[in-house]
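Start from the sequences, fold in the hints, and give me the full structure.
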Amino acid sequence: MLCVIDTRPETVDPSEVGVAIDTFNDQLEANGYWIMAAGIEPSHASTVVDNRGGKSQSSNGPLVQSDEYISGFWIVDVPSHEIALQLAHEGSKACNRKIDVRAFLR
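Numbering (my numbering), first residue to last: 13 to 118.
A hint or two may mislead.
Pairwise CB distance ranges, derived in the manner of DEER restraints [stated by the list, open to error]:
| hint | residue 1 | residue 2 | range |
| --- | --- | --- | --- |
| 1 | Glu-94 | Asn-63 | 34 to 44 Å |
| 2 | Ser-71 | Ala-50 | 16 to 26 Å |
| 3 | Ala-42 | Gln-69 | 21 to 31 Å |
| 4 | Val-31 | Leu-75 | 27 to 37 Å |
Below, computed lysine to aspartate or glutamate pairings styled on EDC-like, alpha-carbon distance capped at 16 Å [claimed, not checked]:
| hint | residue 1 | residue 2 |
| --- | --- | --- |
| 5 | Lys-105 | Glu-53 |
| 6 | Lys-110 | Asp-89 |
| 7 | Lys-110 | Glu-80 |
| 8 | Lys-105 | Asp-62 |
I should point out that these hints are in silico values taken from the structure, not numbers from a laboratory.
Using N, Cα and C, we set each Cβ at its ideal position, and we do this for glycine too.
The following block contains the structure:
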């Protein structure tokens, strides 16, 4: 999973990155790496639910306070960590953001 790291919701300028992200997405599909991608709301728009032990509690706002948050992601299926890192470099350039690379547990 390639997570897009942002600092403020207003940093996303669709005209700035739209074509570059579309091109990157097309490349992922053409190479057979594409599973899905999406942008997500900023962390301050989240709701945290905790029903451990029957608490049934929920609170608005981020799980943790931070200047950085995940603003989107790509889920890719690649044969190696090296290819994931290469794609992260390309994705970072396309969206003009940092990328956090993580593997799913198997």
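Now the hints, each set against the structure:
1. The hinted window of 34 to 44 Å between Glu-94 and Asn-63 holds, with their beta carbons roughly 40 Å apart.
2. Judged by the Cβ atoms, the range 16 to 26 Å given for Ser-71 and Ala-50 holds: they are separated by roughly 24 Å.
3. Roughly 46 Å separates the CB atoms of Ala-42 and Gln-69, a value that falls outside the hinted 21 to 31 Å.
4. For Val-31 and Leu-75, the hinted distance range of 27 to 37 Å is satisfied, since their beta carbons lie about 33 Å from each other.
5. Taken as a hint, the Lys-105 and Glu-53 pair is broken in the structure, with Cα atoms around 21 Å apart against an allowance of 16 Å.
6. Distance hint between Lys-110 and Asp-89 is unfulfilled; the C-alpha atoms sit about 20 Å from each other, more than 16 Å.
7. Of the pairs offered as hints, the one joining Lys-110 and Glu-80 holds, with about 10 Å between alpha carbons and a cut-off of 16 Å not exceeded.
8. Our distance criterion of 16 Å between C-alpha atoms is broken by Lys-105 and Asp-62, whose separation comes to about 37 Å.
In summary, the structure is inconsistent with hints 3, 5, 6 and 8 from the numbered list given earlier, while agreeing with the others.
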